[in-house]
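> Residue strings, one per chain:
Number of protein chains: 4
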Amino acid sequence: MSNPKESIHRALDSFRIETPSWGYSDTGTRFGKFHQPAAAIDLDDKLADAAHVHRLTGCCPTVATHVLWDFAPGTDPAAVARKAGSLGIAIGSINPNLFQDQAYKLGSVGSPFEAARDQALAHIIDCIKLGQVTGSKAVSLWFADGTNYPGQDNIRARKHRFESALKEAHGHLSQDQIMLVEYKPFEPAFYQTDLADWGMSFLTAKKAGPQAKVLVDTGHHYLSQNIEQIVAWLLDEDMLGGFHFNDRRYADDDLTLGSIDPYQIFRIFHEIHLFAWERGGVYPEIEYMIDQSHNLKPKIEAMIQTVCTAQELYAKAALVDHEALLAAQAKGDIVDAELCLKKAFNTDVTEAIAAWRTAKGLAADPLLAHRASGYAEKAGAERAKRRQELGIATEHSYA
Amino acid sequence: MSNPKESIHRALDSFRIETPSWGYSDTGTRFGKFHQPAAAIDLDDKLADAAHVHRLTGCCPTVATHVLWDFAPGTDPAAVARKAGSLGIAIGSINPNLFQDQAYKLGSVGSPFEAARDQALAHIIDCIKLGQVTGSKAVSLWFADGTNYPGQDNIRARKHRFESALKEAHGHLSQDQIMLVEYKPFEPAFYQTDLADWGMSFLTAKKAGPQAKVLVDTGHHYLSQNIEQIVAWLLDEDMLGGFHFNDRRYADDDLTLGSIDPYQIFRIFHEIHLFAWERGGVYPEIEYMIDQSHNLKPKIEAMIQTVCTAQELYAKAALVDHEALLAAQAKGDIVDAELCLKKAFNTDVTEAIAAWRTAKGLAADPLLAHRASGYAEKAGAERAKRRQELGIATEHSYA
Amino acid sequence: MSNPKESIHRALDSFRIETPSWGYSDTGTRFGKFHQPAAAIDLDDKLADAAHVHRLTGCCPTVATHVLWDFAPGTDPAAVARKAGSLGIAIGSINPNLFQDQAYKLGSVGSPFEAARDQALAHIIDCIKLGQVTGSKAVSLWFADGTNYPGQDNIRARKHRFESALKEAHGHLSQDQIMLVEYKPFEPAFYQTDLADWGMSFLTAKKAGPQAKVLVDTGHHYLSQNIEQIVAWLLDEDMLGGFHFNDRRYADDDLTLGSIDPYQIFRIFHEIHLFAWERGGVYPEIEYMIDQSHNLKPKIEAMIQTVCTAQELYAKAALVDHEALLAAQAKGDIVDAELCLKKAFNTDVTEAIAAWRTAKGLAADPLLAHRASGYAEKAGAERAKRRQELGIATEHSYA
Amino acid sequence: MSNPKESIHRALDSFRIETPSWGYSDTGTRFGKFHQPAAAIDLDDKLADAAHVHRLTGCCPTVATHVLWDFAPGTDPAAVARKAGSLGIAIGSINPNLFQDQAYKLGSVGSPFEAARDQALAHIIDCIKLGQVTGSKAVSLWFADGTNYPGQDNIRARKHRFESALKEAHGHLSQDQIMLVEYKPFEPAFYQTDLADWGMSFLTAKKAGPQAKVLVDTGHHYLSQNIEQIVAWLLDEDMLGGFHFNDRRYADDDLTLGSIDPYQIFRIFHEIHLFAWERGGVYPEIEYMIDQSHNLKPKIEAMIQTVCTAQELYAKAALVDHEALLAAQAKGDIVDAELCLKKAFNTDVTEAIAAWRTAKGLAADPLLAHRASGYAEKAGAERAKRRQELGIATEHSYA
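Protein chains in written order, with this note's numbering: chain A, 1 to 399; chain B, 1 to 399; chain C, 1 to 399; chain D, 1 to 399.
None of these hints come from the bench; they were simulated from the model. There could be a bad hint or two in this list.
In the EDC-like style, the derived pairs of lysine to aspartate or glutamate whose C-alpha atoms are separated by at most 16 Å in a straight line are [as the list claims (entries may be wrong)]:
| # | chain 1 | residue 1 | chain 2 | residue 2 |
| --- | --- | --- | --- | --- |
| 1 | B | K343 | C | D348 |
| 2 | A | K331 | C | E114 |
| 3 | D | K105 | C | E114 |
| 4 | A | K137 | A | E285 |
| 5 | A | K105 | C | D176 |
These stretches of chain A come out as covered by chain C in the derived footprint (C-beta under 8 Å, 3 or more residues) [stated by the list, open to error]:
| # | stretch |
| --- | --- |
| 6 | 42-55 |
| 7 | 119-125 |
| 8 | 195-207 |
| 9 | 232-245 |
| 10 | 323-330 |
Source: prediction; values computed, not measured. Yeah, the Cβ is synthetic: ideal placement off N, Cα and C, and Gly gets one too.
All chains, full assembly: derive it from the sequences and hints.
What follows is the structure, given as C-alpha cells:
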C-alpha cells in the first residue's frame, strides 16, 4: 500500500463536510437552553460563523439551512445565496421544518388530517424550489411523524400517505437535485415513528423515485445496532445519500462526533474507503453533514471539533491496508484481519493532518487558530448588544 | 383467599395518587409544544384542575407543585395551601427546580462552581421550608446534574458535592418531612448523570440521613432493567420512598401509565401487595405520584386515564393468591407460580372498580363523567380568552 | 360490531399454531442444560408429544422439524410423514441446520470458504426436497451467519453470497412451497449478523424470488423496537411469511409467549386482524410457529402454555372494535382510539375460549387436562428407562 | 507532567493481568462449539498455556482456576500450585461453579431448595479452603441465580438467602483472602437475576463482611450504562475488588478486550489513574482478570491480544495530564477537559510499549513472538493425538 501520509492527504483532499446553520445558534434540551453570548441570532450571523469555520478548516464550503428558522417570510433566497457566496461559502442542503407548526400535532405528510398533509407537501415543494434558486443540491427530509400511543393511527395508512407525498415531491426535483430521506427510531414520537429504521427509509425512497436516497444520522439507531453494516448495505444498493454526523451514548444525544465511540465512526469510514477501493478508487457521492446540538460547548468550538474529528477518523480509515485485509479475510484469519483495522485506528495522524493543512495554507490546528482569532469574543460582544437592542430574552426558557 | 371484590375494594380504599401541577399545563418535547386551549395558565388553574380530577376519582387528594413554575416571587404559600384546601385538596410534594436557571449550566449541587452549588442548596432549603408552611410531607428531588462529555468533570468530586449538600439539606427537614431522591440514567446529561441508578440514589440518601428515601420513576431505567426487582430490594431495605408514574418505550417518554407495558406496572404493585401481606397486611408508606408529560392527549383526560389505570392494575395485583403463590414457589413449580400472577392480571376488574366508585358516591367511569361535565370546554373557552388578554403566544415555540 | 363470543370463536376457528420438535427435548443455555425425565429422546417421542398437544388443544396440527436433529441419515422421510399422519398430525416447516457443523465456523452460505457455502446450499436444497416428500409447505431458514470482530469479513461480499445462494435455492421450490427468511440482530455472531433486521431479510427474500417471505421471530429485535409496526409494513408489502413465537426481556431469551409483555403480542395480532378486516375478512396466509427453548418449565406444559396464551391474545385482539377505532383515528382522538385496544385487551376471554373448546369436544383447560392425563409421568418413566438403556448421560453438560 | 515514555513504563511496571484457565480450552455458544486442535484438554495444558503467555508478555503471573473444570475429584491442590510454580506462574483467583450441577436448576445459594443452598455454600467454603492451600488471594463469585418467569420465586427471600450464605462464607476467609462478588443483568436468568447490578453486589458484599468487594465484568452491564462511573463510585467507596476483562456489543458477548469500544476501556483506566494520582500515586489494590470466551480466534492468540490491548489502553490512560484536566474542569472548560482525554487516547503508544518490553527482556510484539515460537502448532499436534487416544469427540456438539 502507498505511503501513509499520501493516503491521508489524498483522503482529505476530497472530504467535504457541511455545517448546519442551526448549529451556530442557541439550542437546548426540553429542560432548558443555556445561552451563549456568541450564539448566532439570525441568518447573517450563521453565514458568518459558517464562513469562519470554512476559512479555518478549508473543508466546509457549504452550510445547511433550516427553512423555517433561516428564511423568514419575504427573504429573497437568491440574495441569501449571493451573500453566502460573498463570504466564500454556498448554501448546502435545504431542510424543511415539518414538526413545529401546530398543524403538525398528529404528523405532517403522515397526519390523518388532509390539511396537515397538504401543508407539509406544499412546504416540501417550496423547499425544493428554494434549493433550485439557491443552487443547493440536496433536500434533506426528516419527519417527526409517528404516533405516541397504541391505536392512535393506522400504521399502514400512514405508510401510504408517506409514499404518495414523497412520490409527488420527487416529481418537482430538478435533475441536479437529490432527496435525502432520514430515519429515526423515536422522539418525538414515542410509540411508533413512521420512518423508524433504514429499511423504512429505503422502501419509501425507492417508491419516491430514483433521486431519493437514504440519509444516515449516526445518532438515530437502536442501541447496539451496527451502523457500518447498514452503510455497507446502502452502498451496495446504491442508496446511501448522506450522513448527519454526531455521537450519542443513550438516545439522540446530539453530541460532537466521536466523543463517545470514535472507533465506530472509524469503521463507518472504513466501509466507504473499502467500497471505493474495490471500485478502483471511485468514491460514491455522499453528502457529509453535521447535525449536532451541543448546548454546553461553545458553538463554533464544537463545530470545529467535529470537523477535525471527522477528518482525523476519515484519515485513519484511509490507512487500512485493503490488500492485507482481503488476504486475511480470504484465509479466515480473524486476528490478522482485525489488526488491519486496529493498526490504522491506532496510528496517530495528528502531524500528517497538520502538514496537509499547512500545505493548503491553513492553520495546523483550527481550534487554536479560532481561539487566537478573537472571533468568538468579538461576536459575543456584538451579539449580546444586538440581543439587548432586539429585546431577546436570554434568561431561562422552558419547552 | 378472600372474595375478589372485597380484595379490590380494600386495596382501593387506601390507594392515593398525587397529581402534578405541571401535568395540567402545556408541555412538549425539544421539538416543540402543541397548545391546548384548556391547558392551565397559572397555579389557580392547576389547583382547579387537580380538584376536578379529585372530585371525579376520589383518590387524588394532593397536588404536587413545582416551585419555580407555581410559586412566583411574592406568592404567599400559606394562602396557596388555603386555596387548595378550599377546593378540597392539599399541597403535596414540593419539587425544586434545579436545572433551568442559567447558573445550572454545569449542574446544581454537583456543579464545579461554588456559586451554583450554593444557589441550589439554598433553593432546596427554601423548598423544605415551603413544605413546612404548606403542610406538605415530601420534598422530591430530581437532579439534571451530570456531564455531557468524557473528562468534563470529576465524577468522584461531584459525588462528594452531592453527599455534602443533601446532608445539609436533610438537617432542615422537620420530623414530619421526608426527602425523596430520584434517579435517572440520562437526559439532559448525556455522558454521565450524577444519580444515574437506584444504587446511586440509595447511597446518597443513606448518607443524607434517615428521612431520605429513594424515588422510583417508572420511566427512568435502562432498557430491559427489572424495575419490580429494584422495588423489592428497596422495600426490603426500607428505602422505598415513592413513585413517579408514567410509561415509556424508549427513553424517558413520559407517556400515560400502562400505555406501553401494563404487565410491568402490575408486577411492581404485586411486589408491594406481597410485601404487605407478609407483614400481616401492613402497607409501607409510599408516595404514589404521577409525573407524565403527554403533549398530545387532552391534559385532564390523560391525568384521569393514568389514575384509572393505576387503580386497575393495583386492583388486579391485589387479586394474586399469595398463599397459592408461596406454595408453588416452595415446590419450585414455575408454571403454577406464574399462573398466580397471570390469573390475577387477566381478571377483568372494570365492574368491581365501578362498584367501588359507586359506593363512594363517585361516577362509575371518571373519564365519561369528565366529558359529560363540560369542564374542559368551559376551561378552554375561558383560558383561551385569558391567554389572549395576557398576550401569551400560543403559536409555535422551539426549545 | 358483532357479538364478542362469536368474534372469539370465529377467530379461533382459523388459528393454527405449529409446535417445534426441538421444543419437546432437553435444551439449555451455554451454561448448561437441566434434564427432564419426560423430555423427548428421539423423533418418535417428539411426534408423540406433538400429537398429544394437538389432541389437547385442537389447534396444533403440524410439527416443525429440525433436519439435523430429527432426520438421522438413512431415515425415510415419507415414513416419518406417515407416522405423523397416523398420530393425527402432519410434518410442518422444515428447518435446516446451518450452524452446528464444524464447517460453518465462519458461516454457512455467507462463509468466505466455498466448501462451506456449497455444503450449506446443498443442505438447503435437501431440505426443500425433504419438504416435498413430507408434504410440508414451508422451508424455514435461520442463519447464524455473521462475524464476531470488526474486519473479520467483507460485509458486502457476504451479502452477495446470500443473495446468490437463496436465489439458487428458490429455484428448487415446488409451486406449493414457500421459503421463510428469518432475521436476528445478534447471537451467535457478536459483531455483525448477515441478516440482522427485517430490512435485510426483506431485500434478500425479494432477490431470492416470489415464494420467499420474511419470518418474524418475536424475540429477535433490538430493545424497544416496535415489532407490530414491522408486521404492519410486511403485511402491506405482502412479505409477511410467518412467526416464531416466544417472549424475551433482554436478548433472545426464548421464554414462553406473553410471559414478559403480553400487550405487545396482542398488538401484533391486532395488526393482523385489522389488515384482514380492511380486506373484508380475508386473512393473509401466515405460518404461526412456536420457537421457544424454556429449559426450566416442563416441556409439554410450556408448549401448552404458549399455545393457550397465543389463543387468548389472538382472541382478545379479535375483540377490537375496528369501526370505532377508525372513527377515533379519523378524528385524531388519541384517548378513544387507544381505549379501543385497551378495552379488548382487558376483556377476560377465559370463559369464551373454554366454551369454544367444549364445543369442539376439547377439554376446557388443556393444561389441567394434560396434568390429569398422566402423560408426562408415563413418558418420564419410560424415557428415563430408555435413556439408561441407551447410555445417555443425564448429568451435567457444558457447551 | 512527566515524560510520556516514563509515564507509560511506570504504569506498565505495576500492571498485572490474570488469565483464566477456561480461556485456553474450547468454548462456544449455545449453538455449538468450534474445536481447535491446540485447545487445552486438561489442567496441565492450561497451566502450560498460561505460563507460555506469561513468558511472552511478562505481566500475567497468575492463572484463574475454575474449580469444577480444573480440580477433578482427588486432585491435590498443593501439587497443582507447585506445578504452576515450576512453570513460573501461580494459582490466581478461585472460581466456584454454582450453575452447572442439576441441583442448581432453580439457583445455588438463592434456590428455594435448602439442599441446593447447602451444596452451594459447602462448595464456596471448599473453594475458600482451596485458595488457602494454593496460596490464592481471591475467591471470585459469579452466580447464575435468578428466575426466568414472573412469580417464579420471592425476590426478597432470595436476597435474604444470599445475604446469609455470603456472610457465612466470609467467616471462612483467611486474613489474606478477599471475596469478589460479581453482578450481571441477565443470562442464564431471563426474568430477574439475583445480583443484577453493581448496587446489588455492593449491598450484598457489605453485608457479607469487610473482605468482600465488588467485581466488575466489563461485559455485564445494561446497554449504554456508564461503566467508568460505576468504577469511580466503587473506588470512592473502597469497594472495587477487581475486573473481568472482555468486550461486547449486545449482551455478554465475551469478545476480546477493546475489540468493540476501546475508548470505553481507556476511560475506565483513566478513572483508576486519576484516583491514584489524587492519592499521591498510591494505586488501589485491584484484581485485573480476563474472562473471555472467544470461540473463533485461536485461544492463545486471543489471550495475548487482550493482554496487549489492556496494556495499550492502560498506558494511554496513564498519559492524561491530570493537572491540565483539573484546571480545565475547575474552569468548566468542557472542550479542553475532553481534549486531555482525547489527546492521550490518540497517542500511539506502540513504540513506547515495545521499548518497555525490550527493556524487560521480552519480545517487542508478543503476538508475533508467539507465532514464531511454533507453540500452537506443537500443542495442536500433540493434543489432537491425545484427544484421539482419550476418545474425546471433536465433532459437533449442541447445548
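> Each hint: holds or not?
Going down the list of hints, with the structure as the test:
no., hint, result
1, K343/B with D348/C, "10 Å, holds"
2, K331/A with E114/C, "11 Å, holds"
3, K105/D with E114/C, "42 Å, violated"
4, K137/A with E285/A, "12 Å, holds"
5, K105/A with D176/C, "47 Å, violated"
6, 42-55, "violated (count 0)"
7, 119-125, "violated (count 0)"
8, 195-207, "holds (count 7)"
9, 232-245, "holds (count 5)"
10, 323-330, "holds (count 5)"
Checked against the numbered hints above, the structure violates hints 3, 5, 6 and 7; every other hint is satisfied.
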